[in-house]
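Visitor: Assemble the whole structure, with the sequences as input and the hints as a guide.
Protein sequences appear in the order of chains A, B and C.
Note that the numbering used here has the first sequence beginning at 1, numbered continuously upward.
Note that the numbering used here has the second sequence beginning at 1, numbered continuously upward.
Note that the numbering used here has the third sequence beginning at 1, numbered continuously upward.
Bear in mind the hints are in silico, worked out from the structure with no lab data behind them.
Some hints could be false.
Because identical chains share one entry, a pair is satisfied inside a single copy or across any pair of copies.
[Unchecked claim] In silico PhoX-like links for lysine-lysine, alpha-carbon gap of 25 Å or less:
id : residue 1 : residue 2
1  : K206      : K67
2  : K206      : K31
3  : K67       : K31
4  : K206      : K180
5  : K67       : K180
6  : K195      : K67
7  : K31       : K180
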Amino acid sequence: MAGLSNFFAPREREFFDLFEEAGHNIERAGKLIERMFSDWPDSVEVARDLVVCEHEGDRITHDIIYKLNQTFVTPIDREDIYALASALDDVVDYIEEAGDFLGLYRIEAPTQHAIQLAAIIAEAGTAIAAAIPRLRDFRDIHHYTVEVNRLENEGDRVLREALASLFQAGIDPMMVIRWKDIYERLEQATDATEKTANILEGILIKNT
Amino acid sequence: MAGLSNFFAPREREFFDLFEEAGHNIERAGKLIERMFSDWPDSVEVARDLVVCEHEGDRITHDIIYKLNQTFVTPIDREDIYALASALDDVVDYIEEAGDFLGLYRIEAPTQHAIQLAAIIAEAGTAIAAAIPRLRDFRDIHHYTVEVNRLENEGDRVLREALASLFQAGIDPMMVIRWKDIYERLEQATDATEKTANILEGILIKNT
Amino acid sequence: MAGLSNFFAPREREFFDLFEEAGHNIERAGKLIERMFSDWPDSVEVARDLVVCEHEGDRITHDIIYKLNQTFVTPIDREDIYALASALDDVVDYIEEAGDFLGLYRIEAPTQHAIQLAAIIAEAGTAIAAAIPRLRDFRDIHHYTVEVNRLENEGDRVLREALASLFQAGIDPMMVIRWKDIYERLEQATDATEKTANILEGILIKNT
Numbered sequence: 001m002a003g004l005s006n007f008f009a010p011r012e013r014e015f016f017d018l019f020e021e022a023g024h025n026i027e028r029a030g031k032l033i034e035r036m037f038s039d040w041p042d043s044v045e046v047a048r049d050l051v052v053c054e055h056e057g058d059r060i061t062h063d064i065i066y067k068l069n070q071t072f073v074t075p076i077d078r079e080d081i082y083a084l085a086s087a088l089d090d091v092v093d094y095i096e097e098a099g100d101f102l103g104l105y106r107i108e109a110p111t112q113h114a115i116q117l118a119a120i121i122a123e124a125g126t127a128i129a130a131a132i133p134r135l136r137d138f139r140d141i142h143h144y145t146v147e148v149n150r151l152e153n154e155g156d157r158v159l160r161e162a163l164a165s166l167f168q169a170g171i172d173p174m175m176v177i178r179w180k181d182i183y184e185r186l187e188q189a190t191d192a193t194e195k196t197a198n199i200l201e202g203i204l205i206k207n208t
Numbered sequence: 001m002a003g004l005s006n007f008f009a010p011r012e013r014e015f016f017d018l019f020e021e022a023g024h025n026i027e028r029a030g031k032l033i034e035r036m037f038s039d040w041p042d043s044v045e046v047a048r049d050l051v052v053c054e055h056e057g058d059r060i061t062h063d064i065i066y067k068l069n070q071t072f073v074t075p076i077d078r079e080d081i082y083a084l085a086s087a088l089d090d091v092v093d094y095i096e097e098a099g100d101f102l103g104l105y106r107i108e109a110p111t112q113h114a115i116q117l118a119a120i121i122a123e124a125g126t127a128i129a130a131a132i133p134r135l136r137d138f139r140d141i142h143h144y145t146v147e148v149n150r151l152e153n154e155g156d157r158v159l160r161e162a163l164a165s166l167f168q169a170g171i172d173p174m175m176v177i178r179w180k181d182i183y184e185r186l187e188q189a190t191d192a193t194e195k196t197a198n199i200l201e202g203i204l205i206k207n208t
Numbered sequence: 001m002a003g004l005s006n007f008f009a010p011r012e013r014e015f016f017d018l019f020e021e022a023g024h025n026i027e028r029a030g031k032l033i034e035r036m037f038s039d040w041p042d043s044v045e046v047a048r049d050l051v052v053c054e055h056e057g058d059r060i061t062h063d064i065i066y067k068l069n070q071t072f073v074t075p076i077d078r079e080d081i082y083a084l085a086s087a088l089d090d091v092v093d094y095i096e097e098a099g100d101f102l103g104l105y106r107i108e109a110p111t112q113h114a115i116q117l118a119a120i121i122a123e124a125g126t127a128i129a130a131a132i133p134r135l136r137d138f139r140d141i142h143h144y145t146v147e148v149n150r151l152e153n154e155g156d157r158v159l160r161e162a163l164a165s166l167f168q169a170g171i172d173p174m175m176v177i178r179w180k181d182i183y184e185r186l187e188q189a190t191d192a193t194e195k196t197a198n199i200l201e202g203i204l205i206k207n208t
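Guide: Right under this line is the structure:
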């Protein structure tokens with residue numbers, strides 16, 4: 001099994017290098033958003049690191065698509081490369097937007113639900129970063145996709161609680177508008193990690 | 001014409017079986033959401049049936065994608081199978097979310113517009129469930145797609161009325177926030193039925 | 001170079017004709033939304049022209065997809081034709097929705113930020129309309145895609161300013177709800193012009 005990665009020519013292996021970079025970038029974005037929410041408002045400067053992370057994600061996505069458009073024979077199906085690159089890009093985009101809203105909406109203190117959701121995203125990011133290198137020789141990643149699915153379900157549960165408490169009588173409408181937006185981005189980030197896991201699993205089923 | 005479905009090998013026919021299941025599931029979800037809105041708040045238990053429906057939809061979608069990833073020669077183009085499965089899945093997801101909001105947002109009474117929109121979704125679901133079996137031997141479905149398009153236009157008209165009355169002076173902002181969200185999900189469900197119909201029609205044009 | 005467009009058979013050239021139509025339609029929609037916002041509320045009748053534009057966009061998209069489903073050999077990759085048609089369609093849809101909200105939400109006067117965003121969309125529409133004819137003989141469009149990307153970044157900057165001023169203390173929640181929706185559609189329109197530019201560039205990279 002160990003030698004299987006040599007099956008691919010050097011130019012083909014570059015796709016896997018780029019996907020690994022994207023995985024590391026997601027793990028980093030997840031850790032930043034977790035810290036940003038848990039320490040807010042004492043984490044204003046983390047927002048800058050998140051923007052850097054998002055630009056880095058854009059760069060990686062661009063490199064993958066550019067390489068895809070220039071490559072005739074790809075190590076995995078073209079549409080899977082495209083779908084995986086897009087899903088990985090979405091994760092970081094949504095994370096960055098959620099963090100950005102804290103400053104833009106002048107949030108004074110994060111809710112407990114938001115802190116929990118950010119921690120869930122960080123865990124999912126770590127699972128994805130761990131799964132991606134296994135793509136290189138099509139090793140089983142079931143352990144990681146189960147974990148990401150579990151986290152997404154956990155995120156759904158927290159989100160429902162968060163919305164329910166937001167809509168209890170007596171809440172300020174402006175608070176509801178702000179937090180609904182932030183929760184939505186955090187949910188989109190979690191959904192995007194699940195989508196990424198599903199695409200990874202689909203690629204493995206096709207290729208083994 | 002009647003014997004045409006034998007054109008496909010048994011393993012290929014399973015795709016059509018799964019799409020038919022998805023069609024029945026959408027019809028059922030449509031009927032549930034119609035009842036849920038028309039009888040609310042005396043239909044709390046319908047929400048549970050809708051969640052079951054949504055899980056069933058997830059299971060069917062998963063089965064289709066899994067089968068697709070394992071099948072080399074498919075009876076219709078791979079990307080059409082994927083697009084159709086996704087669109088059918090979206091319909092039920094949006095329906096379930098719209099229903100879920102009734103409880104989550106502590107809605108006391110549904111608006112007339114919401115009841116009308118839910119009834120339109122139920123009709124569109126029935127039309128889609130009737131169209132899908134015709135895919136099996138590529139029989140004309142124009143009658144059904146015209147119907148789904150008509151319903152989507154009707155839904156747009158009702159939605160615009162609903163939004164206009166929501167934004168009239170003197171409305172409570174919290175009501176606007178709640179109902180905008182619910183209307184949006186109902187609209188997304190209707191849009192997804194139209195997208196489904198367009199994909200079905202595209203498949204027929206390609207294959208006849 | 002001038003004779004290169006003859007490389008394609010007449011039936012294949014029809015795809016380029018339709019994309020050029022879509023480009024002109026986007027340019028027109030952009031000019032209408034710019035006028036609608038800058039002159040509001042003295043531009044109620046422009047809304048009707050925008051609806052016509054949106055219907056025209058639907059017609060062009062339908063024609064492209066129909067032709068795609070009936071054509072076996074296409075001058076550019078099928079998935080690129082589909083992606084480009086969808087992205088072009090999205091631009092006009094979002095523009096039309098943004099304009100529609102002015103009346104539906106009973107907006108009395110547009111914000112300076114909204115006027116700026118509409119002007120940015122108009123510029124991006126002009127750049128896309130100028131780039132599309134170059135697809136016909138795969139001429140370089142880098143100048144135009146750089147311009148669209150610049151406009152999208154500029155739009156992001158204006159949007160962030162707009163949201164920040166919307167969430168300053170003391171704003172009426174109903175105003176925030178209305179304008180957040182309108183800004184969101186204007187942002188989606190700008191994002192869709194960038195997506196269009198990226199798809200155009202991808203097609204050129206593949207084909208040159």
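Visitor: With reference to the structure, classify each hint as holding or not holding.
Guide: How the hints compare with the structure:
1. K206 / K67: both (22 Å within a copy, 10 Å between copies)
2. K206 / K31: neither (32 Å within a copy, 37 Å between copies)
3. K67 / K31: Classified as neither: same-chain Cα gap 29 Å, cross-chain 36 Å, threshold 25 Å.
4. K206 / K180: Cα proximity of K206 and K180: none, with 38 Å in one copy and 41 Å across.
5. K67 / K180: neither (38 Å within a copy, 37 Å between copies)
6. K195 / K67: both (23 Å within a copy, 18 Å between copies)
7. K31 / K180: within (22 Å within a copy, 29 Å between copies)
Violated hints for the displayed structure, listed by number in ascending order: 2, 3, 4 and 5.
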